[in-house]
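Number of protein chains: 4
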Amino acid sequence: MIRRPPRWRAEGVRRIGDIKEEKAEVPTDTNLRPRARDLGIEIGQLPTGKHNAITDIHGVRVGHVTLRKGSGRLEIGRGPVRTGVTAIIPVPGNIYKKKPAATVHIINGYGKSLGFPQVAELGNLETPIVLTNTLSVWTAADAVVDYVSKQNPTRASFNPVVGECNDGRLNDILGRHVKKRHVLRAIKNAESGPVPDGNIGAGMGMSGFGFKAGIGTASRVVGRHAIGVLVLMNTGGAGNLVIDGVHIGHALDAKADEDGDGSIMIVLATDAPFYQRRLTRLAKRAAFGLARTGANASHGSGDFVIAFSTTALTTKQADEYSIPEQEISTYFWAVIEATEEAILNSILRCDTVTGRDGNTRNGIPIEPLKRLLEHGKIS
Amino acid sequence: MIRRPPRWRAEGVRRIGDIKEEKAEVPTDTNLRPRARDLGIEIGQLPTGKHNAITDIHGVRVGHVTLRKGSGRLEIGRGPVRTGVTAIIPVPGNIYKKKPAATVHIINGYGKSLGFPQVAELGNLETPIVLTNTLSVWTAADAVVDYVSKQNPTRASFNPVVGECNDGRLNDILGRHVKKRHVLRAIKNAESGPVPDGNIGAGMGMSGFGFKAGIGTASRVVGRHAIGVLVLMNTGGAGNLVIDGVHIGHALDAKADEDGDGSIMIVLATDAPFYQRRLTRLAKRAAFGLARTGANASHGSGDFVIAFSTTALTTKQADEYSIPEQEISTYFWAVIEATEEAILNSILRCDTVTGRDGNTRNGIPIEPLKRLLEHGKIS
Amino acid sequence: MIRRPPRWRAEGVRRIGDIKEEKAEVPTDTNLRPRARDLGIEIGQLPTGKHNAITDIHGVRVGHVTLRKGSGRLEIGRGPVRTGVTAIIPVPGNIYKKKPAATVHIINGYGKSLGFPQVAELGNLETPIVLTNTLSVWTAADAVVDYVSKQNPTRASFNPVVGECNDGRLNDILGRHVKKRHVLRAIKNAESGPVPDGNIGAGMGMSGFGFKAGIGTASRVVGRHAIGVLVLMNTGGAGNLVIDGVHIGHALDAKADEDGDGSIMIVLATDAPFYQRRLTRLAKRAAFGLARTGANASHGSGDFVIAFSTTALTTKQADEYSIPEQEISTYFWAVIEATEEAILNSILRCDTVTGRDGNTRNGIPIEPLKRLLEHGKIS
Amino acid sequence: MIRRPPRWRAEGVRRIGDIKEEKAEVPTDTNLRPRARDLGIEIGQLPTGKHNAITDIHGVRVGHVTLRKGSGRLEIGRGPVRTGVTAIIPVPGNIYKKKPAATVHIINGYGKSLGFPQVAELGNLETPIVLTNTLSVWTAADAVVDYVSKQNPTRASFNPVVGECNDGRLNDILGRHVKKRHVLRAIKNAESGPVPDGNIGAGMGMSGFGFKAGIGTASRVVGRHAIGVLVLMNTGGAGNLVIDGVHIGHALDAKADEDGDGSIMIVLATDAPFYQRRLTRLAKRAAFGLARTGANASHGSGDFVIAFSTTALTTKQADEYSIPEQEISTYFWAVIEATEEAILNSILRCDTVTGRDGNTRNGIPIEPLKRLLEHGKIS
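Protein chains in written order, with the working numbering: chain A, 1 to 379; chain B, 1 to 379; chain C, 1 to 379; chain D, 1 to 379.
Just chain A, same shape as in the assembly:
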């Protein structure tokens, strides 16, 4: 809920340095843009975790590799490149041997995410989750197999889980610039603590509601447990953005030619001891958070949810029923609030980016937005 006046705390905004990767990768400058809470936007009722990030779930780590190279006219295979990779490590150590409980939920299935059938059947993860652009999911999966087979040399069956959004408006997507080394680097880069967000990793070339968008994250605490959400945001029609109930519409020059197709990948983590059935109940509520931001899961938007528990391993029993089923409603709120806020962060944190053919996606303008939220008008 927006509590006015917003407490604008630009000085509190930190940003962890981006990853430099060869020639193709250019570090984003220190990001001074606010997150939602810096603008006084506090979604919902539940408290956030320490970093208000998916990494508030103990053991979860996030790593990025950002690819940004060239400008001007598109030459397929040469660029311009505006893309990247984001890796989420669900548990420390050898994931394949721990197999944390997991589920998948598909809000709208127009997408190329892979690895979902096995997660649905076995109810677990055995690899990192990787996010990238639409046409790089298969290379990413190949790289994940390299990673996990090296850890488990006697096994010959692995189920990479890779999600994607289409960054083809800014990026030379047909050039498929993401290589296996980038994916492996993103995994290696994974860290706990504050999560670098905005125009970073897989979020480099994405858009949302007619603005630049990218990676966003948030978390909520429920008793002794927490829910963390990380989104790769690329959906929402121009003019449809809603910030904590306020219809932003075209007031802030959301680019008008948008149809809202795109996609969003939503990754949910929890340290509650929830197995697949309950994780599925949680995952379905991510759509509620998405809906509150003004999205309609449009025809061409591949909206996928992956949820996992860090404490319910499918190799060793956790006590799921120590939490009575009816207490799950509070976790539902945690999912809804954290998803909504993660999506807002994924937009707020993105500066303007110009990509292929001079296509530009503007970062949402912060000062006008503040005026709009405070006074109901821009000027």
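Hint data in this document are derived by calculation from the structure and do not stem from the laboratory.
Don't take every hint at face value.
[Claimed, not checked] Heads up, simulated DSSO-like pairs for lysine-lysine below, C-alpha to C-alpha not over 27 Å straight-line:
#: 1; chain 1: D; residue 1: LYS150; chain 2: D; residue 2: LYS180
#: 2; chain 1: D; residue 1: LYS98; chain 2: B; residue 2: LYS316
#: 3; chain 1: D; residue 1: LYS150; chain 2: A; residue 2: LYS180
#: 4; chain 1: A; residue 1: LYS179; chain 2: D; residue 2: LYS179
#: 5; chain 1: C; residue 1: LYS150; chain 2: C; residue 2: LYS188
#: 6; chain 1: D; residue 1: LYS180; chain 2: A; residue 2: LYS150
#: 7; chain 1: C; residue 1: LYS69; chain 2: B; residue 2: LYS150
#: 8; chain 1: A; residue 1: LYS316; chain 2: A; residue 2: LYS97
#: 9; chain 1: B; residue 1: LYS180; chain 2: C; residue 2: LYS180
#: 10; chain 1: C; residue 1: LYS370; chain 2: D; residue 2: LYS377
#: 11; chain 1: B; residue 1: LYS180; chain 2: C; residue 2: LYS179
#: 12; chain 1: C; residue 1: LYS69; chain 2: C; residue 2: LYS179
#: 13; chain 1: B; residue 1: LYS316; chain 2: D; residue 2: LYS316
#: 14; chain 1: C; residue 1: LYS316; chain 2: A; residue 2: LYS316
#: 15; chain 1: B; residue 1: LYS97; chain 2: B; residue 2: LYS316
#: 16; chain 1: C; residue 1: LYS180; chain 2: B; residue 2: LYS150
#: 17; chain 1: A; residue 1: LYS377; chain 2: B; residue 2: LYS370
#: 18; chain 1: C; residue 1: LYS150; chain 2: B; residue 2: LYS180
#: 19; chain 1: B; residue 1: LYS377; chain 2: A; residue 2: LYS370
#: 20; chain 1: A; residue 1: LYS69; chain 2: A; residue 2: LYS188
#: 21; chain 1: C; residue 1: LYS316; chain 2: A; residue 2: LYS98
Computed from a predicted model, the values in this text were never measured in an experiment.
Once you've looked at the hints, dock chains B, C and D against the given chain A.
Just chains B, C and D now, kept in the frame of chain A:
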């Protein structure tokens, strides 16, 4: 979107007389409460149909029987009775022979709705849809069989589709006061034109967001076609109501002891020639409309969607692909907007009701609400 | 696998007396027909439990009420009556408070079974499972609510699970002769030990593969645990029956006018500590057992599976992962074998029955069948 | 049904030459092994199409590339190589623009098949279907994107559908020897007419029921339409094989150390004008055909079905309801029979293959099998 100042048009509010049914049924007085649009609340962008009701879909009819009897202490089997039946007739004539295309979608499955597996398998309806209280669904189904077998005397297999919410807070639900005759009467009462709403039919004993709630409806036009929604509303935690983005919270004395469990039945009708796969895509967007009103589909809330087409019969081919798949995104908006508005109407139109054991559910107070929406505060 | 010569042990065949219920109920004479094993037919590799019945799962009980009255021409509402009720009690005591883990799986959804959405959502049972004829499921559900609400007087939401097949060929199904008292009696009658089968309970009026069919059961032991199956059999086209791989075809005068439509209800019980995800994996294998008997799950055949665990309660954690996931394959075999054998038993145990309008369904002729299985021909 | 004496027609067995692909590819010798019908094994009742192959569906084409290189001890990355690629082209011309109706069905989801979510959502195919080994699915998908993006240069979102089984017992699967050029070659090789089968394409390194297995196909005619099935077979425990009801067991030296894990990919084609809902009903019956061969869809067996129609395009309406829903039961039989027979063919047509580390999988011995089927014993 709320367009201020709200155009309050009490004189424009009509209400079709309720059904009187024996001693148990008392007509509701002419309902003078506003619908959302009477308060200037215009959800979304798309135009409404003529009646802003599910009956804007040609051929769809709605009938109610309302049961209201007694007051005071609960005596199971004697009352007080605050319940009823609402019937939706999808197409004129013998439904069993036309078999309009249909689907079901379950947002949260904690509920007793019946008839869903066969709709999912065959993609059609063969009976009216009936809504009632949780413990009367089986009686209602029995009555539907009476109705449809009379029309089709040589057949011996019928699939009633009956949805429910739990009105046990106000109603002697264990008394199971709904009888087959009430269900048959609701079917017989079905009419086109404006839909009587609020504390009527199955909505008599329901609540939502801590206020009295009941039946609500709305519609949207998409090109030559339309989407109509009717809800039986009984979900939403006290303090969570959002009206077109404005968090109403506890400002209006939503009863504080609510946990949001309850349920909602959402019925979608369209005259677009959509078969099951597309209807399912539509049905899933009803959750987006629900989410925008502040619900979280809580653990105990059975949130079910039934969608049908009046023009795509499964006995005679309609030209579904005359509408390209990508045009469906606008229909998604129609579903979202009409669902959100139908839910608001289901609350706005309900006066205060006192039921068993003196339990009272207040109608949302209109004047304070108007002040809240206009000025951001009540006084 | 058929091991010849079959060990025909008519003396070993016992049959528990049927239930006498008012005028409408006539006890079946002691059933002297063989089960599959009495004919030397031993399906698969795994050992059976003590009774080769669903009641081999500790705590599971089965009760029947059989309704058989009148003969001659059909007069709807008067008879002839050939129907009944079968109740399966999953765990002793108050089921509503124990909530054993459960799942549902729909092989072909042309059917009216009810209670499935909530089982799918919450992963448990809170009532007995009841089987009856297609048009009596709603009455049966109502009766189950009477039963369980009496045990739990402070609750007002119950989820009866009722399955059905259509016995309209022999029974005055439109007369809906099953009353609530019959359902309550079937529940009360429930016993452990050998399960009365064949033309009994809900099986009274059913058919399969052109022969008389009804209730059948079987079980398999897997290490310290077991799988039990009970079927209400009413599917399979005439001429399609396969007994342990042998195509029986029309050799035994299966009635030729059959289209295979009908239905089958398959109830699986296990004492393995399996929650919903694993139970669903088991339930899907019931289709494999069904397939091996020559069924095709024809268009009009509502083929539903309900599976539950007696030891994995959703109110108290059981150690599911004490059994590694990969060991589940043996349980798959147990489900397949027990389902196949239960279906064979459901046919073998049924004598000829003549019902409404003189319609007759012949019991499969045992002596010719024995010759066919032993010598590959009847004479 | 086995009609004895089997009509052994070795002279009738033709085999189209295999593909030679660089050094890594060695043509299989002309295959003289029988198909099921050459042994007098005629599964079911329905007539076959002209070639008894998936290509009996007009417009469907199949192409293979087989990779066979080296022998002896496994050196990851060097070999021995026993793998390949099989491509199924659903319709002539630009698939992306025709978008034939399609569905997916997952019998057991332990597998890495990709492209399924979008097929489920949109109900169509937009690329060839490719089959290969487990760890090459991602490379194969990348190659499919090359193929389809070349045909559709202005598009940047494609949904490859790739299925897999694990050939790691014979093949250096971790070496990932399938390259994009092999996949493109398999697509280019696709032809109508008789389908090369057995140890070919993706089938090169597979096993089934303890014998060598690979590609198999069969078809059935239903009125003016047909059903074709192609399987990539790699499942079934040693000793479990059933041929038209006859338990083969270990009589023919099925290798005893098998656990039945593996996988099977089942591709169904039809020229009936069926859209997704009906195709899903068909796809579910593939499990019935699989069950009849003795499989149990074991824990580790990824058993996936893809079904498509060549005449129900999702870009132009076909008249699905010209075929009444109830007539679908015959199509169910067609699916069951063709799947069962395709699986048998996938085994019968495979000679013995020795792969990595000297691992050998024997071709099922034909002469003993004939004696077993005719006389019930081998000698």
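Against the structure, the hints come out as follows:
| no. | hint | result |
| --- | --- | --- |
| 1 | D:LYS150 x D:LYS180 | 14 Å, holds |
| 2 | D:LYS98 x B:LYS316 | 24 Å, holds |
| 3 | D:LYS150 x A:LYS180 | 23 Å, holds |
| 4 | A:LYS179 x D:LYS179 | 16 Å, holds |
| 5 | C:LYS150 x C:LYS188 | 13 Å, holds |
| 6 | D:LYS180 x A:LYS150 | 23 Å, holds |
| 7 | C:LYS69 x B:LYS150 | 24 Å, holds |
| 8 | A:LYS316 x A:LYS97 | 11 Å, holds |
| 9 | B:LYS180 x C:LYS180 | 16 Å, holds |
| 10 | C:LYS370 x D:LYS377 | 21 Å, holds |
| 11 | B:LYS180 x C:LYS179 | 15 Å, holds |
| 12 | C:LYS69 x C:LYS179 | 14 Å, holds |
| 13 | B:LYS316 x D:LYS316 | 17 Å, holds |
| 14 | C:LYS316 x A:LYS316 | 17 Å, holds |
| 15 | B:LYS97 x B:LYS316 | 11 Å, holds |
| 16 | C:LYS180 x B:LYS150 | 23 Å, holds |
| 17 | A:LYS377 x B:LYS370 | 21 Å, holds |
| 18 | C:LYS150 x B:LYS180 | 23 Å, holds |
| 19 | B:LYS377 x A:LYS370 | 21 Å, holds |
| 20 | A:LYS69 x A:LYS188 | 22 Å, holds |
| 21 | C:LYS316 x A:LYS98 | 24 Å, holds |
In this structure, every one of the numbered hints holds.
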